[in-house]
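Chains as they are written, first to last, in our numbering: chain A, 17 to 196; chain B, 17 to 196; chain C, 17 to 196; chain D, 17 to 196; chain E, 17 to 196; chain F, 17 to 196.
Think of the hints as simulated: they come from the structure by calculation, not from any bench. Among the clues, some could well be false.
No copy is singled out in the list; a pair is fine if it fits within one copy or between any two copies.
[Claimed, not checked] Keeping only pairs whose Cα atoms sit at most 25 Å apart, straight-line, the calculated DSS-like set for lysine-lysine is:
hint, residue 1, residue 2
1, K41, K188
2, K192, K151
3, K41, K151
4, K81, K100
5, K181, K100
6, K192, K64
7, K64, K188
8, K188, K151
9, K100, K151
10, K181, K41
11, K192, K100
12, K100, K64
13, K41, K81
14, K181, K34
15, K188, K100
16, K34, K151
17, K64, K151
18, K151, K181
19, K64, K34
6 protein chains.
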Amino acid sequence: MSGIDRALFIGRFQPFHKGHLHALKWILSREAEVVVAVGSAQYSHSFKNPFTLGERLEMIATALKEEGLWERVILAAVPDTDGKHSLWVQTVVSLCPRFRRVYTNEPLTRLLFEEAGYEVVGIPFLEREVYEGTKIRRIIAEDAGWETFVPPAVARIIREIGGVKRLTELVKLESKGIDK
Amino acid sequence: MSGIDRALFIGRFQPFHKGHLHALKWILSREAEVVVAVGSAQYSHSFKNPFTLGERLEMIATALKEEGLWERVILAAVPDTDGKHSLWVQTVVSLCPRFRRVYTNEPLTRLLFEEAGYEVVGIPFLEREVYEGTKIRRIIAEDAGWETFVPPAVARIIREIGGVKRLTELVKLESKGIDK
Amino acid sequence: MSGIDRALFIGRFQPFHKGHLHALKWILSREAEVVVAVGSAQYSHSFKNPFTLGERLEMIATALKEEGLWERVILAAVPDTDGKHSLWVQTVVSLCPRFRRVYTNEPLTRLLFEEAGYEVVGIPFLEREVYEGTKIRRIIAEDAGWETFVPPAVARIIREIGGVKRLTELVKLESKGIDK
Amino acid sequence: MSGIDRALFIGRFQPFHKGHLHALKWILSREAEVVVAVGSAQYSHSFKNPFTLGERLEMIATALKEEGLWERVILAAVPDTDGKHSLWVQTVVSLCPRFRRVYTNEPLTRLLFEEAGYEVVGIPFLEREVYEGTKIRRIIAEDAGWETFVPPAVARIIREIGGVKRLTELVKLESKGIDK
Amino acid sequence: MSGIDRALFIGRFQPFHKGHLHALKWILSREAEVVVAVGSAQYSHSFKNPFTLGERLEMIATALKEEGLWERVILAAVPDTDGKHSLWVQTVVSLCPRFRRVYTNEPLTRLLFEEAGYEVVGIPFLEREVYEGTKIRRIIAEDAGWETFVPPAVARIIREIGGVKRLTELVKLESKGIDK
Amino acid sequence: MSGIDRALFIGRFQPFHKGHLHALKWILSREAEVVVAVGSAQYSHSFKNPFTLGERLEMIATALKEEGLWERVILAAVPDTDGKHSLWVQTVVSLCPRFRRVYTNEPLTRLLFEEAGYEVVGIPFLEREVYEGTKIRRIIAEDAGWETFVPPAVARIIREIGGVKRLTELVKLESKGIDK
Numbered sequence: 017m018s019g020i021d022r023a024l025f026i027g028r029f030q031p032f033h034k035g036h037l038h039a040l041k042w043i044l045s046r047e048a049e050v051v052v053a054v055g056s057a058q059y060s061h062s063f064k065n066p067f068t069l070g071e072r073l074e075m076i077a078t079a080l081k082e083e084g085l086w087e088r089v090i091l092a093a094v095p096d097t098d099g100k101h102s103l104w105v106q107t108v109v110s111l112c113p114r115f116r117r118v119y120t121n122e123p124l125t126r127l128l129f130e131e132a133g134y135e136v137v138g139i140p141f142l143e144r145e146v147y148e149g150t151k152i153r154r155i156i157a158e159d160a161g162w163e164t165f166v167p168p169a170v171a172r173i174i175r176e177i178g179g180v181k182r183l184t185e186l187v188k189l190e191s192k193g194i195d196k
Numbered sequence: 017m018s019g020i021d022r023a024l025f026i027g028r029f030q031p032f033h034k035g036h037l038h039a040l041k042w043i044l045s046r047e048a049e050v051v052v053a054v055g056s057a058q059y060s061h062s063f064k065n066p067f068t069l070g071e072r073l074e075m076i077a078t079a080l081k082e083e084g085l086w087e088r089v090i091l092a093a094v095p096d097t098d099g100k101h102s103l104w105v106q107t108v109v110s111l112c113p114r115f116r117r118v119y120t121n122e123p124l125t126r127l128l129f130e131e132a133g134y135e136v137v138g139i140p141f142l143e144r145e146v147y148e149g150t151k152i153r154r155i156i157a158e159d160a161g162w163e164t165f166v167p168p169a170v171a172r173i174i175r176e177i178g179g180v181k182r183l184t185e186l187v188k189l190e191s192k193g194i195d196k
Numbered sequence: 017m018s019g020i021d022r023a024l025f026i027g028r029f030q031p032f033h034k035g036h037l038h039a040l041k042w043i044l045s046r047e048a049e050v051v052v053a054v055g056s057a058q059y060s061h062s063f064k065n066p067f068t069l070g071e072r073l074e075m076i077a078t079a080l081k082e083e084g085l086w087e088r089v090i091l092a093a094v095p096d097t098d099g100k101h102s103l104w105v106q107t108v109v110s111l112c113p114r115f116r117r118v119y120t121n122e123p124l125t126r127l128l129f130e131e132a133g134y135e136v137v138g139i140p141f142l143e144r145e146v147y148e149g150t151k152i153r154r155i156i157a158e159d160a161g162w163e164t165f166v167p168p169a170v171a172r173i174i175r176e177i178g179g180v181k182r183l184t185e186l187v188k189l190e191s192k193g194i195d196k
Numbered sequence: 017m018s019g020i021d022r023a024l025f026i027g028r029f030q031p032f033h034k035g036h037l038h039a040l041k042w043i044l045s046r047e048a049e050v051v052v053a054v055g056s057a058q059y060s061h062s063f064k065n066p067f068t069l070g071e072r073l074e075m076i077a078t079a080l081k082e083e084g085l086w087e088r089v090i091l092a093a094v095p096d097t098d099g100k101h102s103l104w105v106q107t108v109v110s111l112c113p114r115f116r117r118v119y120t121n122e123p124l125t126r127l128l129f130e131e132a133g134y135e136v137v138g139i140p141f142l143e144r145e146v147y148e149g150t151k152i153r154r155i156i157a158e159d160a161g162w163e164t165f166v167p168p169a170v171a172r173i174i175r176e177i178g179g180v181k182r183l184t185e186l187v188k189l190e191s192k193g194i195d196k
Numbered sequence: 017m018s019g020i021d022r023a024l025f026i027g028r029f030q031p032f033h034k035g036h037l038h039a040l041k042w043i044l045s046r047e048a049e050v051v052v053a054v055g056s057a058q059y060s061h062s063f064k065n066p067f068t069l070g071e072r073l074e075m076i077a078t079a080l081k082e083e084g085l086w087e088r089v090i091l092a093a094v095p096d097t098d099g100k101h102s103l104w105v106q107t108v109v110s111l112c113p114r115f116r117r118v119y120t121n122e123p124l125t126r127l128l129f130e131e132a133g134y135e136v137v138g139i140p141f142l143e144r145e146v147y148e149g150t151k152i153r154r155i156i157a158e159d160a161g162w163e164t165f166v167p168p169a170v171a172r173i174i175r176e177i178g179g180v181k182r183l184t185e186l187v188k189l190e191s192k193g194i195d196k
Numbered sequence: 017m018s019g020i021d022r023a024l025f026i027g028r029f030q031p032f033h034k035g036h037l038h039a040l041k042w043i044l045s046r047e048a049e050v051v052v053a054v055g056s057a058q059y060s061h062s063f064k065n066p067f068t069l070g071e072r073l074e075m076i077a078t079a080l081k082e083e084g085l086w087e088r089v090i091l092a093a094v095p096d097t098d099g100k101h102s103l104w105v106q107t108v109v110s111l112c113p114r115f116r117r118v119y120t121n122e123p124l125t126r127l128l129f130e131e132a133g134y135e136v137v138g139i140p141f142l143e144r145e146v147y148e149g150t151k152i153r154r155i156i157a158e159d160a161g162w163e164t165f166v167p168p169a170v171a172r173i174i175r176e177i178g179g180v181k182r183l184t185e186l187v188k189l190e191s192k193g194i195d196k
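Take these sequences, add in the hints, and give me the full structure.
Quick look at the structure:
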C-alpha cells in the first residue's frame, strides 16, 4: 500500500458547509487525491443527521463539480457500526478506495485509526465557532440567512428537497427530546 | 423531482469492464448526469463477487477519470437487502442522488422499479457474449489475456491488490461448491 | 390505490388504554376499515416498552373483540428502524395492508408520511393528560387502581402475564438509569 | 399458560388458498381461537415468496371476514431467522398472542416446537396435490384459471396489486436461476 | 436439565477485576462448574465497554489459569440484543453450555431469567464501593495505581494492548458526551 | 503482537470428533496455547450445523477437560458474516484472544487470513475419509455405532440433549431439500 497517494477525509457532512470545503482544499494542497467518506451513512431525519446519504452525496458532488475540485476526489460512504467499534476501521477500509493517511478532528476516529497503525492528521478548520454543523443546522431551521454558510449548490439542493421545513420540524422534536 | 436531469445505472461491476464502459457512454449520450450505483455492495471474496466495494469504487473512479467521463458521473453504492425486496427501491432512493430514470438489464431490478412507478430503460450491451462478468472473472482466474477486457486502470488495480491470485483461489472454491 | 377505503392508526400501545380505544372509535366513525399498526414492535421489558408484541396483539385483539370493533380492524406490526428513518414509511407500507390516510399525533411519523405524499390526520385524544401511556405505566407499576384506565380485557391479560410485577421492576431500573 | 385456549397455525400463505382455508376451518372445529401466523414475513418478490407481508395480511383478513371466520382468529407475523433456528420458537412466542398447541405439517417447525416442549398437531390438508402453493403460483403466473384455487377476496386483491404480472416475471427469473 | 450441575455467572467484565474473582470463588464454593458469560460481547472502545470480547476472554482465561480456577470454568460470550429483551434469555441459552441456576446482581437480568422460570441468586460482592467497574476504569484512565484492583494477568494484558492510553482517550470522550 | 505465543484453530465442530482432537493434539505439540474458535456460531438445527454454539462449547470443554488438554486451550466463537468476507478476519481478531498463527484446512479461511498477512498452517487430519463431519453426522442420524468417532464426553452430551433424534429429523429435511 506504500505507493498509494490518496488520503481519507471523513465526516458526517450534515450538511456539507464552507468549513468542510475549506478543509478539503487544505487537504488537497497536501495530497494528490482524497476519498471524501460520508459517515453515519444510514441515518437521516433527526436533528443530528437530517439528510439522507443520497442527499448528502448529491450536495457534495454538485458543490465539488462547481468548485472544480471533483477531478481529485472520490466519494464514499460509511455507516456507523452501532458501538461495534472494533470493526469500524476495517469497515472503512472495505468500503473505500485505498488510502494512506487519515484526516479527522474526531477523537474516536483518531483513536481507532491510530490503534490500527494509520497516520492521523488534524485539520485546521476555518473559524470553527462559525462553521459548525450544529449551529448551521439551527440557522437553517430558522431559515435565517443560512445560505452564506454553505456552497451555492448545497443551498439550492436543500431548498429543492424541502430541507428547511424538515429541519424546522426536527429541531422541534429535538427540543422535546422526542426521537421516534 | 420533475426537473431532475439525472439517471441511474446500476450493476455489480465485478469487475468494471469494457462492456460497462460502453454502456455508460451510451447512457451519457442520452442523459446529462449519471449515478453509477455499485450493487451487492457488502459482498466480496466469492467468485460471484470477488472485489470489495472499496476496490470497485477505486477501479471505476480511476477508469472514468482516465476516460474523461468523471465530470458527469456520481458514484454511489447499494447493498443487497437479503430477500427483503419490498425495501430495495426505497433503499436505492435513500442512498443515491436523485434520479429520474433507471438503466438496467437485470429483470428483478426492472420489476421492482416499474412497480414503484419508475421508467426503466434497457441497455444495448457491447458484444454481450464477450463482455460478460462471469466469463471475464474466469479469464482473470486463469490469468490468460484478461487485460484487454477491462479499462487500463482496472487492470492495474487488479494487479496491485493481488486480484488474480484471489480469483484463482475463488474459482477453485466455486468449483467445489464451497462457500464459507 | 385510489379505491382503497382503509386508514392507518399507528402507536406503540404500551399498553392499549381507553384513550387509544376512544381514538380508534373516532377514526372508525370516519373510515370504513382501520389498520391498527403496533409500532416499536421488537422492544419489550423496558419502562418505555414493557410488553412484547405478542402481548400487545393479544391485548388489542381481545379488547376489540369484546368491544365489537374487531370486524372493521386489521392488526399489523412495525419495528423501529433504529434511526434509518428514510426507510420507515416504505417499511410500514410493506408490512401493512394498503391504506390511504394516516392517523397519528406523533410528529416524526407525520413528517415522514407527509414527505412521502400521504395525507396525515391528527387525533382528538380523550383527556390527554389522563390517558397518557407513561402516566398509566407508572400507575400500573404502583398497582394503584390502574384497571379503570384500560379496557377489561387488557387488565385481565396484564394480570395473567405478571405485568404489574414486571412494571414495578422496570420502573426501578428506569429511575436508576439502568438499561441493560 | 395452562388456561390458554388458543392454538397456533403457521404458514407462509403465498398466497392464502382454499387448502389453507380448509385447514383453518378444521383447526377452528377443535380450538376456541387460532393465531394465524404469517411466516417468512420479511420476504417478497421471489417466486417462492411473491407477496409482501402487508399484501398477505390483507388477503387473509379480507377472506376471513368474508367467510365469517374473523371473530375467532388473530393474525400475526413471524420473520425467518436466517438459520438461527435456536431462537425461532422464542421469536414466535414473543411476536404472537399466547398459544397452547401448534398446528403445522412443516417438519422443521415441528422439530423446533417439540424440542421446546410444545404439542404439535399435523393438519389433514385438502387434496394436497391440488391445493399446493408452488403449483398455484405457477398457475397464477400463466393466468390460467387460478381464481378457483383461492378465496374470492384473495383473487380480487391479487388482481388489484398486479400480482399476475409480478408472478409472470418471477417465474421467468426462477427458471433462469436468477435471484437478485 | 435436572441433572446439570453447572451455574451461570454473567457480567460485562470491563475489565475482570478482583471483585469478579472474589465473586467467582464464592460461586465455585457452591457449584461444581461455572459458565462465565461475557456480556455486551459486541461492544468495545467506549468508556463503558473499553475492551473487545477477545481482550476480555484473554484477560479472564489467563487470570483463571494463574489462579488455578480454570478447570471448573467454561468461558462463553453473549451479545446485547439492542432492546429485544424478550429474546435475551433464549439467546443466552443458545450460546452457553447448559446451566441450572443464574448468579447475577443485575436487575434486568434477574427479571428476565425469573420470568423464564430460572432460579436467580444474588452475589455478595467484595467491598462493592471499592471493586466497581466504573471506578476502576477511571483509575486506569489516570494510570494511578490501578494494578492492585485487578489480577496480575489482567494488569499485564492491559499494559500490552495499550489499554491505559485507550481508557485515557475514552474518558475524555465520555466527559464531552461524544460517542461516535 | 510479536511476543504472543498462541495459535488459532478454527472449525465448525459439528460435532467435535476424534479427528479434531487429533488435530488439536498435533497443534499443541507445536504451540504453547491454542484458541479453539467455534465457527458458524449462530447456526443450529440444520444438517450442516445441527448443534447450537452452547452445545458445541459444552462438548468441546468437557472433552478437553477429560483429555487433560484444557489448561492450554481457550475457547472462543465466531459467527459467519453472511458473505461480508472483507470483515471476517477482523471479526475473528475482535472476538478471540490474540494469536500469531492460524491452523486451518479451509481454503477461504486460508485466503482471507493470508491476504491479511497472517501465517496459515495446514493440518494433517487423522484418516480424513473416516473422521469427516458430514459422514459422522450421517452415522449419528442412523444411530449406528457413532460413539466410537467422538470423544466419550461428546457422545454423552449428544445422548443427553436428544441429538440423535434431532439429526435423524434433519437428515430427512436435507434429503428433501427443505430448509425452513
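Here's how the hints hold up against the structure:
1. K41 with K188: neither (35 Å within a copy, 30 Å between copies)
2. K192 with K151: So K192 and K151 pass the 25 Å test inside a copy (18 Å) and across (17 Å) alike.
3. K41 with K151: within (22 Å within a copy, 42 Å between copies)
4. K81 with K100: neither (35 Å within a copy, 28 Å between copies)
5. K181 with K100: The answer is between: 19 Å across copies meets 25 Å, while 34 Å in one copy does not.
6. K192 with K64: Answer is both: 14 Å inside a copy and 16 Å across each meet the 25 Å cutoff.
7. K64 with K188: both (12 Å within a copy, 21 Å between copies)
8. K188 with K151: So K188 and K151 pass the 25 Å test inside a copy (15 Å) and across (23 Å) alike.
9. K100 with K151: between (29 Å within a copy, 23 Å between copies)
10. K181 with K41: Classified as neither: same-chain Cα gap 31 Å, cross-chain 32 Å, threshold 25 Å.
11. K192 with K100: between (29 Å within a copy, 20 Å between copies)
12. K100 with K64: both (20 Å within a copy, 13 Å between copies)
13. K41 with K81: both (13 Å within a copy, 19 Å between copies)
14. K181 with K34: Within one copy, since 22 Å is at most 25 Å while 34 Å is not.
15. K188 with K100: Only across copies: K188 and K100 sit 19 Å apart there, 30 Å inside one copy, limit 25 Å.
16. K34 with K151: For K34 and K151, the Cα distance is within 25 Å only inside one copy (13 Å; across copies 42 Å).
17. K64 with K151: The answer is within: 11 Å in one copy meets 25 Å, while 29 Å across copies does not.
18. K151 with K181: Within one copy only: 17 Å inside a chain, 32 Å across chains, cut-off 25 Å.
19. K64 with K34: within (18 Å within a copy, 35 Å between copies)
The structure does not agree with the numbered hints 1, 4, 10 stated previously, though it agrees with the rest.
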